[in-house]
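There are 4 protein chains.
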Amino acid sequence: MSSKIRIAVLGASGYTGADLVRLAITHPAMEIVALAANQKAGQAMADIWPHFAPYRSLPRLVRADAIDWGQVDAVFGCLPHAASAELLSTLDERIRIIDLSADFRLNDTETYGEWYGVTHPAPHLLESAVYGLTEMARPRLADARLVACPGCFPTAALLTLLPVAEAGLIRDRNITINALTGVSGAGRGLKEQNLFVEISEAAAPYAVGAHRHMPEMEQELSRAFGKPVAISFTPHLLPMNRGELETIIVELADGKTLADLRACYEARYAEEPFIHLLPEGQVPATRMVRGSNHMVLNVFADRVPGRAILIAAIDNLVKGSSGQAIQNMNLMFGLPETMGLEAAPLFP
Amino acid sequence: MSSKIRIAVLGASGYTGADLVRLAITHPAMEIVALAANQKAGQAMADIWPHFAPYRSLPRLVRADAIDWGQVDAVFGCLPHAASAELLSTLDERIRIIDLSADFRLNDTETYGEWYGVTHPAPHLLESAVYGLTEMARPRLADARLVACPGCFPTAALLTLLPVAEAGLIRDRNITINALTGVSGAGRGLKEQNLFVEISEAAAPYAVGAHRHMPEMEQELSRAFGKPVAISFTPHLLPMNRGELETIIVELADGKTLADLRACYEARYAEEPFIHLLPEGQVPATRMVRGSNHMVLNVFADRVPGRAILIAAIDNLVKGSSGQAIQNMNLMFGLPETMGLEAAPLFP
Amino acid sequence: MSSKIRIAVLGASGYTGADLVRLAITHPAMEIVALAANQKAGQAMADIWPHFAPYRSLPRLVRADAIDWGQVDAVFGCLPHAASAELLSTLDERIRIIDLSADFRLNDTETYGEWYGVTHPAPHLLESAVYGLTEMARPRLADARLVACPGCFPTAALLTLLPVAEAGLIRDRNITINALTGVSGAGRGLKEQNLFVEISEAAAPYAVGAHRHMPEMEQELSRAFGKPVAISFTPHLLPMNRGELETIIVELADGKTLADLRACYEARYAEEPFIHLLPEGQVPATRMVRGSNHMVLNVFADRVPGRAILIAAIDNLVKGSSGQAIQNMNLMFGLPETMGLEAAPLFP
Amino acid sequence: MSSKIRIAVLGASGYTGADLVRLAITHPAMEIVALAANQKAGQAMADIWPHFAPYRSLPRLVRADAIDWGQVDAVFGCLPHAASAELLSTLDERIRIIDLSADFRLNDTETYGEWYGVTHPAPHLLESAVYGLTEMARPRLADARLVACPGCFPTAALLTLLPVAEAGLIRDRNITINALTGVSGAGRGLKEQNLFVEISEAAAPYAVGAHRHMPEMEQELSRAFGKPVAISFTPHLLPMNRGELETIIVELADGKTLADLRACYEARYAEEPFIHLLPEGQVPATRMVRGSNHMVLNVFADRVPGRAILIAAIDNLVKGSSGQAIQNMNLMFGLPETMGLEAAPLFP
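Residue numbers (full-length UniProt numbering), protein chains in the order written: chain A, 1 to 348; chain Y, 1 to 348; chain R, 1 to 348; chain P, 1 to 348.
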């Protein structure tokens, strides 16, 4: 009998699922027992993923309904929204769930319906779901049965905004988030706009005023401010594979200064293994965190008086997705939080 | 005697200068008589620029002081600030000047000194200098002796903001400009941060809160609003060669709507050959204008009530630099405004 | 009645077709009267192509069978093989054809069937078809009704190899062509391997030992050598949009030297507007020709005695495709050969 | 007292040195005690390397002559040639050396002088130096005091060619190696040709017929064939950070077949943790190995009869440099060979 955590990955044919497998391969306490992808069932991971070419012994892809759940301790859901909740709601209570879809992030099923265009398939699971922004959710993770991992954009935005919002250092209005992201965030779907030549040597915003990560950010910020907050969020797609950078404009609360923001982050993140306030003046860049679970962060003065510019960078597939998911799993199973996530960023 | 405009380019070893030469080669009314670059004097353009390899008959690079100015009708200044004004101030009145440096953009020498750290070398030329944002400066260009071409960021920002500011559709506060730019904007200087591997697969802001294009934007916006305006401007460097995109958040004036903004642009730019308001909902992208003198523009609702998102894209080296310079020259010399600038964007 | 050449483009939704339209827009003697693409019929070019966003007055896409052929003087075929010949064979004799598909490149229908897996749909047109490698085909182009434009790889390879083969300077064996190409050559089809993240930061050969441009090169080389020749050809896909570079190893004929090769190219290409032998030692690079109809070429010693390394670079979409097609059209219609193709390369 | 191997890195300001530090950070048996870089002495690694921003506790850079060698068990030399041998020759015999420069790769000081243009600074160390192509050198590594790690190109070429050369499956003539490499191989030196915009959207060969990795390949191949061999080698620089791919044309020995080559590799590499023969027909690609110590390899028929195409891909900075260096260190110190090198490739 294995003493490792036996995991299944649903949606192993997408970038998020694949990055989870990449990390699981070397995680000392994880054992991959099932990899599911309905469309590619029957194929070897080494055949559909170039970087698993040297790993021909990985389990073959199966259909989700072919998984022997008796062998599984924890499942990672990397399925599209709705499909995820539908499937996960059928699992035995014993199996712990780390879901990377949007299905269990929003507490309010009406908001969910409004933004995702479907009725929530498993509202009864919502109540016990923990919003897995690890650094904020730690105390609730040990006993959680279902953890909903935040979206990549909310991860960086909330780790930046929540501490200073909770400390009363910023105002609850005119929060303006400008985000840059690598293309892996768009998924492996076959769309013309994701072809190499459409994106190389090019940059453009997308989902202007309508990105689905907005309600999630508003939910958590509203909780922090104790009142409903509407934010501005504009993501831009860049010609790079990984990486996410957010440039956030905030209004300082009366009498508060940049120094107060720095002090707040210093206190809050001093002991965090993955969150790093940079030295004064050093600008966060995606190249600082590529392929790692780190986030870098800094604070700058805005030329418009009374405002500040907060900048944070993460790897959208790691801290923004599979890395944070494993960080959550580590805490759910009483393992050291950094286990399997120690790799330093890959540069160049 | 030639009936063409005999031009000299100062600073032909930089990206801006080289792009000007690229366009001049096929411009029917331009004749290149001198190319200057002190550091590379004596070399052939074909030796220092890969894309001029097929053009071995271009004039060799000379030192600026070796130019026979008697042969020159117009000079394009692509030198660093201060050096530019110093040299240009020595030229015969007969020679018309299109300057692409920052030296003649700011009316106020104190502001100039504050941002550029030097005393202005030729304040007497400032008064007659025309700020060459072509679409706004047309009436003054025909007789101008010295035209100061705007910076690349101000070009896109001001063509977007000025019409709606002048029409009273937006408020004069909290104008927040988020910009993306290709690396050619950083110049051909040998700096570690401009090496391929530092930039590829990476994105980062730079000059946060301190970019030198800010006073220029503030000057023109203050003029439009009739009162001093401070803006927020954060540029980001992306892994691409050319292209610039600005995402601008504005507050709508009381009672004004998105439809008012659209109507304003439609009226203002309907007949412009290079400025294009996109159909409702279509997002501007740098790939729409690569290698061309076009600008594309659109208007979107912001989720924060009472605000709008304006997005514009240009090629930083063409409309943002050498293309606009030639557009100005065309008007200064009574030529058709689009002459030599007709090339459609290069995609992919 | 128009004095311009009224053209139709079949397959205007592909990269080749789009690049042809890009060049046609500014060609002084071309008038675009019909753009066909069955799958996207009804849409505006500005809607399916980002770079035509500023060109909303281009004709809408139609189905090929909806073209009013009475209005058309010349047709550019940018369709897949077989589909091309099938359609083109139905046109009135009056309409001159510039075909960019593979259908009329191979004289031998058996070879065609073997490599393309179909029976040739219009063998009766083969005899009169001219293989449109412009610099080699000039005398036959003026009267040609149907010109078959070479593939992009054969264009660079044959312009490099034919002069020295015909001059008896190289041997007819062990010709080894290693090619690099940008991704636009792979077309706009929705395939996983063409997605941005699969190609960015990556390089790989493809179609190893089996690329369909091989029989075409062998046909022309066999003609030059006067005997059947088998070549080695390995293309590699790189993370760039445009550009093609071939590194060709040849064995020198007895007593022949590198100097003989140079002298041969100098004599052959001295007056060519688009083919440029570089100065001794300068290495051809795709950045020298990007977006232009130029080819650069040079000759190097190989460390294996008795061999030489020939290197050539073109833009696969221009000289390798749409540019050469227009160059052919110019000659077919008695226009200056360089008309509409004068643009200097775009760098950076 | 530490039971870890206390290491020093000379040349920690270059890409190779930095990648070594990246791997050492998580290697369970390595302790970084000194990082030297004369030009940047006094600075923190976190200040000169973006990806070490989260690692502010790394030792500061010092001058090489400031290292307390008494604290050092093993030194990694990442210095330029000549400088490397000069410094390493002064170290105490106790300190084991893993050199990544070219200084101890060539047995023959005359060949060294010819290709590197200097007299060898420490010929007395040559005799005992082991050429550290790990998979071939294993038996000699345990006792080696000085291991000379192969260049990146020779690593992939020799791991591909040596087994089939030693088995008599290929001929000793006309070996033609065509190589592609990412830009990190060119180093962090400030040269115009390494700027982002010069390389992005571009490809070109370099050092044609004259690359310094040639004598190294010839030395080892001559040993395998038992007679002097001259090879053809042409490297090409691509717009990517990491990755190296070699397409090698060989002549088969009389009566030998592709199947013989496959069988040879299968036998030779079946148990190797890092060398992977791909399934028949699957084309090696750099994306299969990015950021890892793996090499992938395959065999294809050439259209020229009697020849074969061998293709191999590695990450030039890992298996081609720092990874192989650590693999060698592991064997020198009796550690498991794969320790610290287990990370799966990073894709996308």
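Keep in mind that the hints were calculated from the coordinates and are not lab data. Every value quoted in this text rests on a predicted model; they were computed, and no experiment measured them. Every residue, glycine too, gets a C-beta built ideally from N, C-alpha and C. Among the hints, a few may not be true.
What the hints assert, rightly or not - Okay, derived cross-link-like pairs now, SDA-like style, lysine to any residue, Cα gap no bigger than 25 Å in a straight line: (1) Lys227/Y / Arg56/A; (2) Lys4/P / Pro336/A; (3) Lys227/P / Pro123/P; (4) Lys4/A / Val118/A; (5) Lys256/A / Gly70/Y; (6) Lys40/Y / Lys227/P; (7) Lys191/A / Gly42/R; (8) Lys191/Y / Lys191/P; (9) Lys191/A / Tyr55/R; (10) Lys40/P / Glu280/A; (11) Lys40/R / Thr26/A; (12) Lys191/A / Pro80/R; (13) Lys191/A / Ala167/A; (14) Lys191/R / Glu337/A; (15) Lys191/P / Lys227/Y; (16) Lys191/P / Gln193/Y; (17) Lys40/R / Ile25/R; (18) Lys40/Y / Gly281/R; (19) Lys4/P / Thr26/A.
Stated by the list, open to error - Between beta-carbon pairs, the in silico distance windows are: (20) Ile25/P / Ala270/A: 18 to 28 Å; (21) Leu258/A / Pro305/Y: 23 to 33 Å; (22) Thr111/A / Pro121/R: 37 to 47 Å; (23) Pro59/Y / Gln282/P: 46 to 56 Å; (24) Gln282/R / Gly226/Y: 16 to 26 Å.
Outcome of the hint check:
{"no.": "1", "hint": "Lys227/Y / Arg56/A", "verdict": "68 Å, violated"}
{"no.": "2", "hint": "Lys4/P / Pro336/A", "verdict": "22 Å, holds"}
{"no.": "3", "hint": "Lys227/P / Pro123/P", "verdict": "24 Å, holds"}
{"no.": "4", "hint": "Lys4/A / Val118/A", "verdict": "37 Å, violated"}
{"no.": "5", "hint": "Lys256/A / Gly70/Y", "verdict": "62 Å, violated"}
{"no.": "6", "hint": "Lys40/Y / Lys227/P", "verdict": "48 Å, violated"}
{"no.": "7", "hint": "Lys191/A / Gly42/R", "verdict": "20 Å, holds"}
{"no.": "8", "hint": "Lys191/Y / Lys191/P", "verdict": "9 Å, holds"}
{"no.": "9", "hint": "Lys191/A / Tyr55/R", "verdict": "24 Å, holds"}
{"no.": "10", "hint": "Lys40/P / Glu280/A", "verdict": "21 Å, holds"}
{"no.": "11", "hint": "Lys40/R / Thr26/A", "verdict": "47 Å, violated"}
{"no.": "12", "hint": "Lys191/A / Pro80/R", "verdict": "21 Å, holds"}
{"no.": "13", "hint": "Lys191/A / Ala167/A", "verdict": "43 Å, violated"}
{"no.": "14", "hint": "Lys191/R / Glu337/A", "verdict": "39 Å, violated"}
{"no.": "15", "hint": "Lys191/P / Lys227/Y", "verdict": "47 Å, violated"}
{"no.": "16", "hint": "Lys191/P / Gln193/Y", "verdict": "12 Å, holds"}
{"no.": "17", "hint": "Lys40/R / Ile25/R", "verdict": "20 Å, holds"}
{"no.": "18", "hint": "Lys40/Y / Gly281/R", "verdict": "20 Å, holds"}
{"no.": "19", "hint": "Lys4/P / Thr26/A", "verdict": "22 Å, holds"}
{"no.": "20", "hint": "Ile25/P / Ala270/A: 18 to 28 Å", "verdict": "21 Å, holds"}
{"no.": "21", "hint": "Leu258/A / Pro305/Y: 23 to 33 Å", "verdict": "28 Å, holds"}
{"no.": "22", "hint": "Thr111/A / Pro121/R: 37 to 47 Å", "verdict": "57 Å, violated"}
{"no.": "23", "hint": "Pro59/Y / Gln282/P: 46 to 56 Å", "verdict": "53 Å, holds"}
{"no.": "24", "hint": "Gln282/R / Gly226/Y: 16 to 26 Å", "verdict": "57 Å, violated"}
Hint violations for this structure: numbers 1, 4, 5, 6, 11, 13, 14, 15, 22, 24, all remaining hints satisfied.
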